[in-house]
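Visitor: Knowing the structure of chain A, use the given hints to seat chain B on it.
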Amino acid sequence: MLNFTLRRLIQIPLVMLVLSVIVIGLTQLLTPEQRAAPYIRSEQQAARLEQIITERGLRDPFPVQYGRWFSNIIKGDLGYSKASNKDVVATIKERLPNTIELALLTAIPILLLAVWLGTLSALHKDKFIDQLLRVVVVLGYSLPTFVLGIVLLAVFYAYLGWLPGAGQLDIINQFSVSDLKRYTGMMTVDAALNGRWDIAWDALQHMILPAVTLLIVLSANLVKVMRNSMLEVLTSDYVRTARAKGLSSKVVNGKHARRNALLPIITLGGFLVINLLAGSVITETIFAYPGIGQWFVQAALQLDIAGVLGFTLLSALLVVVMSTAVDILYGVIDPRVRFH
Amino acid sequence: MKKLVTLSSLLLVSAALAASPADTLVIQSAADIPTLDPGVTYDTASSSLVDNMYETLITYDGASLTKLIPALATKWTASNGGKTYTFDLRKNVKFHSGATMTCADAEYTFERNLVTNSGASGNWFIAEPLTGTQSNAADDKSVTWAKIDKSVECNNNGQLVFTLAAVDPAFLAKLAYTGMAIVEKAYSAKIGEWDGTEKTWKDWIGKDLTGSELSKKPNGTGPYKLVRYDANNYLFQAFDGYWGKKPNIKNVIRQKVPELAARQQALLRGDADIIEGGGRSVDEAQIKGKPGVTWVDDLPSTTSTAIFMNEKIGGKGNNLLGSGKLDGKGIPANFFSDVNVRRGFSYAFDYQGYIKDVQKGKGIQRTMLMPDIFPGYDPKVKTYTFDPKKATEYFKRAWGGELWKKGFVLTANYRANAVASQTAMEILKRNIESLNPKFRVNIQSKQWSEMLSDSRKGEEAMILIGWAPDYADADNFMYTFYASDGYYSPRANWKDTSVDKWLKQARSTINTAERNRLYSLVGQRAYEQAPYILVPAPVDYLFNSSRVTGAPRTKAGYNPMTSLYWKDLSKK
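As given, the protein sequences belong to chains A and B, one line each in that order. Once you know that position 121 of the first sequence is 121 in the UniProt record's numbering, the rest is easy, because the numbers rise by one and skip nothing. Once you know that position 212 of the second sequence is 212 in the UniProt record's numbering, the rest is easy, because the numbers rise by one and skip nothing.
Treat the hints with care, as some may be off.
Short, incomplete list of chain B residues facing chain A, as computed with Cβ under 7 Å [as the list claims (entries may be wrong)]:
| no. | residue |
| --- | --- |
| 1 | V257 |
| 2 | A261 |
| 3 | N442 |
| 4 | S453 |
Hints are computed from structural coordinates only; laboratory data are not their basis. For clarity, every value in this text was computed on a predicted model and none was experimentally measured. Don't be surprised by glycine CBs; every beta carbon is placed ideally from N, CA and C.
Next comes chain A alone, as it looks inside the complex (with noise of 0.2 Å):
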């Protein structure tokens, strides 16, 4: 196992450097005249165009390009981001603390409630609370995200104004947090380090609509692959065994069926974190909410290429470190993985 694990960590500079390769290579399919668009703001400077592209280098070799960039990796550089005004070492340091703190909030009741319904509606299969469930699952699966964000908005925020609006903060307390002293850089926790339990409370609140948004739209599939997963199992030889053997259907169903019914939900679970992590990108958005998702978007939009190559980067990371986890979990959960 451990040596598993050390393979799987040494491969993870080696994936980033194909993945650095194939990125940079893919934004010399545009033309230098493209690339330097989105340094251009307004039609009087396009007048400058050229200029840009020669300040920029854009039209240099691949190899000078990339060797530019690369030298500037190992010195820890990863470039200036257009789209957050930043260096991108100092935007991920600032917005992934944000996004890790919102998907630690969202996804363990995401899991929970996903196994939790998905049996439910496995042990009530053809009955109207699997039916219920499963036209719910329908919906959650099939609503797009930025409707059902704008949706809870409208009526939790604008109509019941029961919970707060986009963004991390109420206004008033955007002006304390400076006072803050920042241990992790996420806004509850740090707040209630300080023992300011009004900004703790307030980061958490500003969080509710962005966190029941993916609440429902991720844990949807995930019910749908529990209670496939959990019929599956149900059904096999070895939980009719055991009530053949007298076990209480809740000893069965709570100990042998569903610890074997979780397997697929472990790998999906994995991407889950991945994806939450990775930043939800039309949830930040939509919500204001200052995470690396929202940054993504905005990098994307702008053809900021630091930007894009460093989410990348720290994507591809995020997929290499949990894949790994994810596979010490596997075996931890089923023996035989262990001796494969």
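Guide: Same frame as chain A, but now just chain B:
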């Protein structure tokens, strides 16, 4: 479950929201802030913040576009036939750092602008009068340190003296531009910007300042200072050491909220005071007339837009020509060189229809390609009207009658996702094709980057482009559109010797009446020669929370050339 319900209720009830505080102005916008360094500020989003933190030597007087008043300068004199300007600077002006502004700071500011002068900045237009070229030292070897140093200096009396390479009647207006705001020399050098010496100037030639240290840590003399900024918020507080009148509003928050619906809801709930709208049709339907919202309409617009008719379509543009001949299957490269074709097209555009359908009745048909509120605009110059009969008449005369007999196929491009441009082209297409079944106009969308590049090389047959002002002077529009060496010339390839002469004369005199006369002549000749189809100008509007008041948010006090000055606002 019961516990969960109780918790949820508590959570929801305790989240009752209050509207934004009276001492805090909340502005929500979808736009990014590319930079906070005045030296490279060249977009409205950045200017809207920079203008409140920094100050220029002179500024516009309220809503006036012609009257410039002192800001960091107290008075100025022109001498040497308009080639020397001497400025007295205001005393006891403090930077946010606490330092007192000196003439050395002003000198450094302009030298920094001339040295860096990157493609991303608007410094080309200040470089032209001061160094005689729009370029920086890397692109034009005639720009030397001696030239830069001599162009702006402090004299023994502590006055700032500009020595121009040539007379520039727009020079003062250029100084009112955000990018000319004064920065502090010592502070800038300390945080890693250029130190202002000859020894290091070469390292800074053409350097893009977008992400500069000064952009990260701004330090101006303006009424508001930046307290902090994060991913979505810029927080400002009134600067205690400000030399001018103390602002009414203590705090300002500028939030980035990309989603229009979220911004609208924040405004209607009172959480935001000023938001970026979604265009006239959306804002009229969803914001206008709502409780708590002030709507101000019929404001002047300063953009000018035209449909270009390229008289010498070159290079790749040949793909747009079809057969490349006047045989009914294409057009020759010089198709638009016949004035009758241009007039025919000009009479075929439905100006009033465009105003009614696209601009919801809020549009103005201008006589010249410049803002109608700018000095030099002549409302008496004739305009084209939609007149199919006259259009037919001119098309029958064009190309010795061959055009009408054989017809043509023309391909015109519009900027992708620009709905107004697409609609304008569709109106023109429909009207032209209805004149003669042998006339065909194909329209297609094109990415902006490609359009920029191709049109610059004269490789577009017919496109629609606009221009927004850098400074309130007719030259910024008239020379751009009408001079044969103007910025837009390669897109139209229209050349008129008299027009060129008049425009050059207007550039070299500071006599306002004479300049106005010359621009009027250009306008009249342009009407006769019809190098462009003049697209009606929009009528601007603004809206905000009714809690916010102040001259800039009224029709009488609105100035389209300046950013919104927060210091002039109050909030209930």
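Visitor: Determine for every hint whether it applies to the structure shown.
Guide: Here's how the hints hold up against the structure:
Here the hint on B/V257 is kept, as its CB sits about 4 Å from the closest CB of chain A, short of 7 Å. A distance limit of 7 Å between C-beta atoms decides the matter here; for B/A261 the minimum to chain A is near 5 Å, and the interface restraint holds. Annotation: interface hint on B/N442 violated; nearest CB of chain A at approximately 24 Å, more than 7 Å. Interface restraint check: B/S453 against chain A, minimum CB-CB distance 4 Å, threshold 7 Å, status holds.
Consistency with the previously given hints fails for number 3 only.
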